[in-house]
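Enquirer: Listed here are the chains, written in short residue letters.
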Amino acid sequence: MDLQATTTSAPIEYVLHLADNALILGQRNAEWCGHGPILEEDLALANNSLDLIGQARLLYQHAAQLLGRGATEDSLAYFRDVPEFRNYTLLELPHSPPLAATAAGDRDYATTIVRNFLYSALMALLWERLQDSTDPQLAAIAAKSLKEVRYHLRHSRDWLVRFGDGTDESHARAQAALDHLMPYTQEFWTDSAPETAASSSGAGVNAHELHADWNTLVDSALTEATLKRPSGQGYISQGKHGVHSEHLGFVLAEMQSLARAHPEAAW
Amino acid sequence: MSADQSNTAPALKEWPLWEVFVRSKQGLEHKHCGSLHASDAQHALQMARDVYTRRQEGVSIWVVPSATIAASDPGDKGEFFEPAADKIYRHPTFYDIPDEVGHM
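So the sequence lines, in the order shown, correspond to chains H and E.
Mapping to my numbering: the first sequence position 194 is 393, numbers consecutive.
Mapping to my numbering: the second sequence position 92 is 196, numbers consecutive.
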């Protein structure tokens, strides 16, 4: 077999989309560090964040290599601004219900769990497919990330069922989080130019191909959790096209300020 | 909540305590490494994974409800353990091995 013929690098924008997803959710989940509802969950969320940030690093390193021009994982993570980020809007939202007075207000663990569940269900399917990517680097990252995301899915699904099928209050919070977040998942299924390009070269996957399997994963968990699936219609968010909510700027300000105040700092 | 849930046990306000045993890569047996609070066995296993194996400490985990462990009473220490202290002939090193025996 001629390896040259079957190997294609994924489009840079596609790799950045995957990297930004992992970084932004990793950064969000890290907000629980030291504030977890119980010690064990504090550690679980920190583990989850470290997995995601580890995935982001590998993806940024790959993107930096493809990009050349002196790009590094740090320049991509810390020196790009909001419109350059390609993460799903879902992942940048604060851990609070839709009508919280401020984004820094009370964090709601049901919101955290529902988002991790909806995203992990997608990534468990996507990483599985990307193991066969024609981009060998991306295939290797997928194989490593698949093991991690399977645990994230297990962890978030377990809590989703406990909340939904739990007390009146935990059920109501889980349902509210689901009603709030489900509409943002519509963004998963709309195509973007980098996804289409990646899909046609065999380096990536158009996420809409995973929609039916995702529905099966989600519906079985929601049934077990006695939660009602909202219709999930309305405005389709466009984070992966670089059009973000007002929340991403605050995430980046906190995440990037140190690197920008001390560029080239090493420790 | 569905109607049939009203017959089930009320939600736990306090989670029971579990003892965690981890078998390390090279280890032959599971070793006790700590305890944690969890609502059920599955939950305890996942938490043990996150708390006790995140630095590659293990390849297998057991969790046991602490309440099911029968433990000796520290007050019984005298009658339980001290009589063994002066029975040095229970240790093989007490006996002189004749040279002819060679390695035992």
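These are computed hints drawn from the structure, not numbers from a lab.
Keep in mind that this is a model prediction, so the values were computed, not measured.
In this text, a Cβ means the ideal position worked out from N, Cα and C, and glycines have one as well.
Hints may be right or wrong, so weigh each one.
Listed below are several chain E residues computed to face chain H (Cβ distance under 7 Å; list not exhaustive) [said to hold, decoys possible]:
1) Leu149
2) Met151
3) Asp154
4) Val155
5) Arg158
Straight line, CA to CA, 30 Å or less: simulated DSS-like cross-link-like pairs of lysine-lysine [claimed, not checked]:
6) Lys135(E) x Lys346(H)
7) Lys129(E) x Lys343(H)
8) Lys117(E) x Lys427(H)
9) Lys181(E) x Lys191(E)
10) Lys135(E) x Lys343(H)
11) Lys181(E) x Lys135(E)
12) Lys191(E) x Lys135(E)
13) Lys346(H) x Lys129(E)
Enquirer: All the hints need checking, so say for each whether the structure fits it.
Expert: Here is how each hint holds up against the structure:
1. Leu149: violated (10 Å)
2. Met151: Since the shortest Cβ distance to chain H is 4 Å, the answer is holds.
3. Asp154: Holds. Min distance 4 Å.
4. Val155: holds (6 Å)
5. Arg158: Holds. Min distance 6 Å.
6. Lys135(E) x Lys346(H): Within the cut-off at roughly 26 Å; holds.
7. Lys129(E) x Lys343(H): The given pair, whose Cα atoms are some 20 Å apart, holds under the 30 Å limit.
8. Lys117(E) x Lys427(H): Status holds; Cα separation ~26 Å.
9. Lys181(E) x Lys191(E): Holds - the C-alpha atoms of Lys191(E) and Lys181(E) are around 17 Å apart, at most 30 Å.
10. Lys135(E) x Lys343(H): holds (29 Å)
11. Lys181(E) x Lys135(E): holds (23 Å)
12. Lys191(E) x Lys135(E): Between Lys191(E) and Lys135(E) the Cα gap is close to 29 Å, so the pair holds against 30 Å.
13. Lys346(H) x Lys129(E): This hinted pair holds, its Cα atoms lying about 19 Å apart.
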